[in-house]
Amino acid sequence: MTNCPTLIVTVGLPARGKTYISKKLTRYLNWIGVPTREFNVGQYRRDCMKIYKSFEFFKPDNEEGLRIRRQCASAALNDVRQYLTEEGQVAVFDATNTTRERRETILQFAEQNGFKVFFVESVCEDPDIIQENIVQVKLGSPDYTNCDSEEAVEDFMKRIKCYENSYETLDEVLDRDLSYIKIMDVGQRYLVNRVLDHIQSRIVYYLMNIHITPRSIYLCRHGESELNVKGRIGGDSGLTAGGKEFAKKLTQFIQAQRIIDLKVWTSQMKRTIQTAEALHVPYEQWKVLNEIDAGVCEEMMYEEIQDHYPLEFALRDQDKYRYRYPKGESYEDLVQRLEPVIMELERQENVLVICHQAVMRCLLAYFLDKTAEELPYLKCPLHTVLKLTPVAYGCKVESISLNVDAVDTHRERPEVGGNTHTGSENGWMDLSISSHVSTANCQFPQRRLKRDSLLQRPSGDREKELTRTHQSDQQMPLWKTDSRNMSGDQSTFLENNSV
Amino acid sequence: MRGNGSTARGGSVCMTNCPTLIVTVGLPARGKTYISKKLTRYLNWIGVPTREFNVGQYRRDCMKIYKSFEFFKPDNEEGLRIRRQCASAALNDVRQYLTEEGQVAVFDATNTTRERRETILQFAEQNGFKVFFVESVCEDPDIIQENIVQVKLGSPDYTNCDSEEAVEDFMKRIKCYENSYETLDEVLDRDLSYIKIMDVGQRYLVNRVLDHIQSRIVYYLMNIHITPRSIYLCRHGESELNVKGRIGGDSGLTAGGKEFAKKLTQFIQAQRIIDLKVWTSQMKRTIQTAEALHVPYEQWKVLNEIDAGVCEEMMYEEIQDHYPLEFALRDQDKYRYRYPKGESYEDLVQRLEPVIMELERQENVLVICHQAVMRCLLAYFLDKTAEELPYLKCPLHTVLKLTPVAYGCKVESISLNVDAVDTHRERPENVDVSRMSDEALLTVPSHQ
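For the record, the sequence lines run as chains X and S. At the far end of the first sequence sits residue 499, using the UniProt record's numbering, and the numbering has no gaps. At the far end of the second sequence sits residue 448, using the UniProt record's numbering, and the numbering has no gaps.
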C-alpha cells in the first residue's frame, strides 16, 4: 500500500489495552497481507532483567531502572529498523511512550530512517475496566508468577502510579502536526488527527470497529453435500442424509448453548442455506462467504484434476496459498473478499458462520494468527463446530464434533523429495524441467518459476495444458475448446506422465 | 435463494433494522450540503435507499424570493416562524420517506442550537429512528471564501446579484448564526452519536458509533477530500473477443486496440497530469493497454469484468440459442440478474466498493477497466440509478474525464478517434420470456 514503511507507536498508561491493540492490529494486518510485527518493550525489559522484583523498578527516581528501560527501548527500535528495512511494511512499537520527550526521540528515529509514524493512544479512567484488564492479562504475566492475586494487583496499581505524574497525553494543539488516533474509554470516543495514507485509514477503521465485550464466534461448514461424497470439489449441491442429520444436531447444539442474540450467517450456496434452514432462526446470506472458485476445476475430483491438469495440480501444491485456479481464485483472493466479513465479525457479538472449507480456513487463520503457509492446510472437518472465544491476547478454541459421520475432504500437502523449496521468502521456487511431471506424491517438477507468474496470465506450458482438448462432459463450464493439435512438446509431456 | 426470515447480502447491504436519520450541524458554508449530497450518493450506490432533505430548499420553495441576509437575523420573528415551519415540513417528509421506503434520511440544515437538535431527537425517538449527527467545523477564511464562490454565488438566492454583493450578503448571513452556535460538546453531548469533522478532514472526533451503517458512514466521511483532481475512466483497447461479438473471456488487444493504447499514451501526456496513478484489472486486455503507457500501474482483481458464468465467451446469438429464458430474465432486470455461476451488476457494485473508497482517497487517477465495471463506477460519480446503470454508454476507445465541481461531477467525453466495434446492447422492447429470437436479438450490435 504505501512506499515507505509505517511505525505505529502506542501511547498510554499501563493496563490501557496497548498490548491487546498491538497484537490484534498486527494479526489483522498480517492477515490482509501487510507484513507486520510488534515490538513489545516490556518483553525486552523482561529478557534483560530476568527477574522482576517490584514496582520500585518503575519509580521515576530509580536511575538504574531508567537506564535499563531506555536501553530496552533503544534495542527494540534497533530491531524495528532492521525489520522495516529488510522485510516488514509495518512495525508496532508497543510501550507506554507517555512523555513527549520519548515520543520526540521516536519521531527523530523514524525521520532518520524514512518511516511514517502513526500514534495509537488509549485513554481510560474507568476503574472497573482497568481492574478487569489487570486480572485478565497482568496476573498471568511472567512478572507475577510468584505472587498471589492480591499482591500482584496491589503492585501493579503502584506501577501505574509511577507513570501518572509524567503522563503527557496527545494534545490537540501541541501535537496537531502528528498523525494519531486517540481511543477514549475503550472505543466510546475517538479523536483522529491527520490520517496520511491508505494504511493509516485502514488501521483507523479497524480500531474503530473492534470491541472487548465478551462473546463467542461459532464457525462450521455446511452439512455433508452430494458432491462431497462423490469426492468432487466446488459446485452447488444439496445436503446428503448425513448433512441433514448434522443440521438437526447443529440446531440442538445451538439451543443447548443458550446464546444471547445469536446472529447466523451463511453463503449463498445451497448447502449452507439448507443447513441454516434447519435452525428455524433468521439468517443472513453473504455472497462473499461462497466457497473458493475452482475455475476450470469446478466439480472435478482430485484424480480428474491430476489427469487433466497435472501441471496446475503440482503448482497448487507448491504454493497453495497464492495459487489461483485458472478462471478461479486463490486463497489470497479469498482473504481479500472475506475482509468485510472479518470487519463485521469484529463489530458483532455472538455469531454462527456456516460456510465452506477454504472459507473457514481463512477465517480461522485470522482468529488463530496462522501464516499464509499454514492457512490452506488447517483442518476444518465436516460436522464439527469450532467455538472461538477471545481471551487475554488471543482466542480460545473449542472443537465440538457433532458425531454425525461424514467423508473427509481434507487433503494434506503431499511429500516432496529432494530440493524442497524455501517458500516465498525469496520469491523463487527451484524447479528443474524433467521429462515427466510429478504426481501429487512424487518428486518436485523442477523448473524455475518466478512466484509472481502464478498471479499473472498462464505462461507457456500452463497455457497449453489449459487449452488442450479433453473429454469434457456437461459439468464443465463452457470455454473455448481449442481442437488444434498439441505441439510436440506437449505430447511428450503427456506420454511421460507417470500417472 | 431465500429461506424464511433470511436476508440476502449479495449486492444490497442490509444493515440495521430501524431507519437512520443523519443530521448535519454547522454554520453556513461549512460543506454540509456537499457532505449530505455525497453521502447520499454513496449510500444509494452501495444499495442503502437514502434521500437528502435540504431545509434551505424548503425555504426557497416557501419564500419564492430571497431579499437579503436580514431574513436570517435572530430577531426577525417572521423569518424565524417560516424557518421553523420549513424544518417541520422537511421532518414530515423525512418521516414519510423512512416509514415507507427509505433506510437513511439526511436532514441537511444548520441545526446549530442544542434546542433545535433536541427537537429532532424527540422526533426521531417518537418514530423509532436512530440519529447520527455530522458536524462540520471550520474557521479557515480561505476555505469558506472558496466555498461561497463555488456553491453560493450560483445559488437561486443570488441570481440577481453580482459576485461582490453576494459574498458580502452571505458573510452577514453567517454572522446571524454565530452568536447562537452551540457546537457538539464532548461532555454535554456525550450520549449522542456523532462525528465532528474539523478543518475539512484534518481532525475528527467520533462519539458512540452504534451500528454498521454508522461505522461505514464514518469510514466514508474520513476518506473523502476536496482537493481538486480528475478521474479518468476508460475501457481497455478493442480486444479479439470484442470483434467476434463475444462477451467476457480474457483475450488480447486487436491492432485497433493497440492503436488506442498508443493514442491513450499521447492523450495522457498532453494532459500534463501531476502524479497520475494508473489502475487496471488483472485481465490481459487492460494490462496490455496500460503497458503502452510505460508508467507504473497497479492491477486490481476486483476491477475484472463481470463474470458471465455459463455465458462466458458466448455471442449474444448463442446465449439466445442456449439460454433464451436467462436472456429474457436479464433484459427484465439487468441490474439484479445474476448469470448462472456468474455475477450480477449488483454483485459488481459490492466488489467495486473498495475501488470507490480508494478513488475518494486518491487524487489524479486513470482507471483502465471494462464495460460493466466502468458503468458501475460511472453510476457512482454521476449518481445514476440501478435502472440506468446497466445501460450507461461506455464505448471503446473513449476516455471519460470526471472533475468534481460544486455538488457534482463535470464529465468530459474524449474519443481518441480509433475505430472500434460497438459493444453496447440497448434494452429491447420485448423482454417477455415468450418472445421470438429476432425480438431478443434486435439490439445486438454488429460484429464479425
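To be clear, the hints were calculated from the coordinates, so they are not data collected in a lab. This one's a predicted model, so the numbers in the text were calculated from it and none came from an experiment. Incorrect hints may have been included.
Stated by the list, open to error - Taking CB as the label site, the calculated pair distances span:
#1 E317(S) with E398(X): 27 to 37 Å
#2 A89(S) with I32(X): 44 to 54 Å
#3 N113(X) with I226(S): 30 to 40 Å
#4 D162(S) with R176(X): 37 to 47 Å
Note that beta-carbon positions come from the ideal geometry of N, C-alpha and C, so glycine has one too.
Do the hints match the structure? See the list:
A hinted range of 27 to 37 Å is violated for the C-beta pair E317(S) and E398(X), which are about 57 Å apart. In this structure the supplied range 44 to 54 Å holds for A89(S) paired with I32(X), their Cβ-Cβ distance being about 47 Å. Checked against the given bound of 30 to 40 Å, the beta carbons of N113(X) and I226(S), roughly 33 Å apart, stay inside it. The supplied range of 37 to 47 Å is met by D162(S) and R176(X), whose beta-carbon atoms lie about 39 Å from each other.
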